[in-house]
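From first to last, the protein sequence lines stand for chains E and R.
My numbering applies: residue 1 is where the first sequence begins, and numbers increase by one.
My numbering applies: residue 338 is where the second sequence begins, and numbers increase by one.
Hints were generated in silico from the structure; no laboratory data involved.
Keep in mind the model is a prediction, meaning the values are calculated, not measured.
Treat each hint with caution, since some may be false.
Pairwise CB distance ranges, derived in the manner of DEER restraints [unchecked claim]:
1. E:150 to R:643: 45 to 51 Å
2. R:489 to E:53: 40 to 46 Å
3. E:51 to R:427: 53 to 59 Å
4. R:643 to E:65: 53 to 59 Å
5. E:53 to R:669: 34 to 40 Å
6. R:497 to E:53: 45 to 51 Å
We treat Cβ as the ideally placed atom computed from N, Cα and C, and that holds for glycine.
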Amino acid sequence: MPENTENIVRNEASPNDVKRAGKVSRRHIPHFVAPLEETPLQAVDSVNETADPLSFWAEAWRNLRRQPLFIVSAALILLIVVVSIFPQWFTSVDPRSCSLDNARGGAAPGHPLGFTYQGCDVYARVIFGAQASVLVGLFTTIGVVIVGGTFGALAGYYGGWMDAVLARLGDIFFALPLILGAIVLMQLPAFRENQSPWTVTLTLVVFGWPQVARITRGAVIEAKGADFVMAARSLGVSKFGALVRHVLPNSLSPIIVVASISLGTYIVAEATLSFLGIGLPSSIVSWGNDISDAQISVRNNPQILFWPALALSITVLSFIMLGDALRDALDPKSRKA
Amino acid sequence: MEMQNKNEQPLLDMRDVEITFNTANGPVKAVRGANLSVMQGESVAIVGESGSGKSTIALAAMGLLARNGKVTGGQILFDGKDYAAASDKEFRHIRGDQIGMVPQDPMSNLNPVWKIGFQVKETLKANGLGGGDMNKKVAEALENAGLPDAERRAGQYPHEFSGGMRQRALISIGLSCRPRLLVADEPTSALDVTVQRQILDHLDNMTAELGTAVLFITHDLGLAAERAEKVVVMYKGQVVESGPAIDLLRNPQHPYTKRLIDSAPSLSSHRMENEAAAQKSASGTDNVLEIENLTKVFKIREKGLKKSDFLAVDDVSFNVRRGTTTAVVGESGSGKSTVAKMVLNLLEPTSGTIRFDGEDMGRLSEKELFRFRRRVQPIFQDPYGSLDPMYSIFRTIEQPLKIHGIGDARSRQNKVKELLEHVSMPASTMHRFPNELSGGQRQRIAIARALALEPEVIICDEAVSALDVLVQAQVLELLNKLQAELGLSYLFITHDLAVVRQIADDVVVMKDGQLVESGKTDDIFATPQTEYTSNLLDAIPGGQLLV
């Protein structure tokens, strides 16, 4: 390759000078140009105007509605909600009209699931019991999100002593086992004398908020470092304004996921407390009370315990499944185009 | 040139390769009918914008396509054997000792829980080079990659290494088994220019010594032309042009290649035209920003409760003339972004003054500060982070107007339309959300938002660094146009001197928090006064190729 010896010699003489000259190959390299028709030149970085605009929530919904997990859990939850609002649509039997004549009786016409120890219709009690459980679960979740969300957001956003105080306060409540704490709290005269769904809700909120507070705090800390928050601040948005307008909306996804999963566990907690006799008063029809009542006859008539327990499990499972489906759809990592 | 390479068999020969990805929206062809050959010991660069298929084709050659990707056509011949439909086992045979790889991001490609030495040893063992004095072999491999004090370094963890050192470690892993082909995927795009140059020089020398063929993947045409003998330009999954590097650079045929060369910042040698700014820069004494003896000290917590001072910005003074662009240049850690944050009043200076339009900003009350916010606006680096994903484009641009109580709903909507037009985006974009836009488009939205309040000064903190060359050129042109139209002043923070050349009237060079040199862009580029600046200038890839 005599033509290029010059070049090679020069490169060898001062290897650091390669950069000034560029490299020349010893070989023959053909210069290939594709015909223009094959890849016509397009405008640089033009906006795709064919697709419909899609907001965060719209896109999440689009992902969600294709998921079998979501479809199944949403259908179940819808059914549970309808049952708890309009129990009379599903049964005409009064759950409180019990007759000892029917005690522990098997299935009879109009009474598909048989009778309890006290002779009440099991099917009617399962249907009417949904209301109390869903009510407690729903309001506990709302309370926990409000209290935990506020504390967590403030702690994460402002940091410093506010974080130290709120985070330690949360740790104290976190360290108390829910059931133990609830047993102690429900024994207080003020609670014991006013036993109702509201006292149960209050108790669960008191011991449940730190979990949401922690999640919120983490999400807020992640979101507050984003450039768009700094951009908003330099546009003149106040510090608190940036929290409300930019940081919180961007921290919502994990809170929603945790809230929907927790809703199920709060229903379980309510049933547990009722089972222990310190939850809902026995005058209220609820799954926890029914399970508690049925335990004396569990050996001879297990079906009395089975039906309310099944209803409870399905409800909890559907909320947990919903949470899982939401987690997949709201994953911020899948948002990057 | 008569002595052609007819009887020479290419090391890697990809013929009519077609690669298809199965996505939720059906199959997408990422590469169509691409031809690419690498000879023994040859250096070849694939150049293209993101999404052009340049990485995909290189990964296919190593059998490392993502699970939903498949070679659906053509041949991939490595050393004469077709690997187009090869199994992972067959690929494993050639990976490492036949084809090595240097990945893109040195920060995430080393396992943080293992010592560097262990990670090199792992590669050697996996390729049957184990046995004997392993520690010595490891130290040798690291030393070859230019790591000083290799034996001690081998016992350290990745977090103890700087970015450049990590990249050296990765290069040593890639080359440790003496592969015949090294695939380098944007090997230095995350590094400062001077480090980039050192590493590429070293890679050059090493591969020349070992006779290794190198396949570079890069979006920077300047770097490609400087480091490779052959350049392959890819666009929309096809090879549009390929040929000898210098020839292709001086005599581009395909319009896309021409476009690339026109917009490559490293190849340009003058500022974008802007009469007004040039005039003001030449004659003006009208300073919109005066920065005097600015100092910022950060407290760093050391072991235990002790705190030590870290001088991030050390006694820096410079001015920004009205209607012109002043660039602050420096490598990472030079304190340039800290200066920007202090000018934006998002960080309080430890000492020194910043005067905006003659007013000392340190003494502004809350209310005056709010007014100041209207007049100085930032544009940030990361186009993916600077727009709130929950806000539609309309809300994003409208927000500043709303906060400052400008106009009613109707007039604000018109204003948003007008602003979108300013940044050359269709008005229909306002119903969209940031995730639907590309990086360059997002950056243009960020510019529109910054312009909403009709500011006088815009602080661009690495505003174009994350963008592809073509998009970068487009955004720079937009900024230049806006400056001419609206008489804006820019404070342009960047690590990229090539960009400075295109947009700035004055330059301030910073190093380790101190001001090294400042002056007119033309003067500094022609006759840099300090060695540091001339090193920086020298390191611009391909800077001298066209001259």
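Against the structure, the hints come out as follows:
Between residue 150 of chain E and residue 643 of chain R, the C-beta spacing of about 36 Å breaks the proposed range 45 to 51 Å. The hinted range of 40 to 46 Å is not satisfied by residue 489 of chain R and residue 53 of chain E, whose Cβ atoms lie roughly 57 Å apart. Between residue 51 of chain E and residue 427 of chain R the C-beta distance comes to about 40 Å, which lies outside the given range of 53 to 59 Å. A beta carbon spacing of about 57 Å between residue 643 of chain R and residue 65 of chain E agrees with the range 53 to 59 Å that was offered as a hint.
In this structure, residue 53 of chain E and residue 669 of chain R meet the distance hint of 34 to 40 Å, their C-beta atoms being roughly 37 Å apart. Against the hinted window of 45 to 51 Å, the Cβ-Cβ separation of residue 497 of chain R and residue 53 of chain E comes to about 47 Å, which satisfies the hint.
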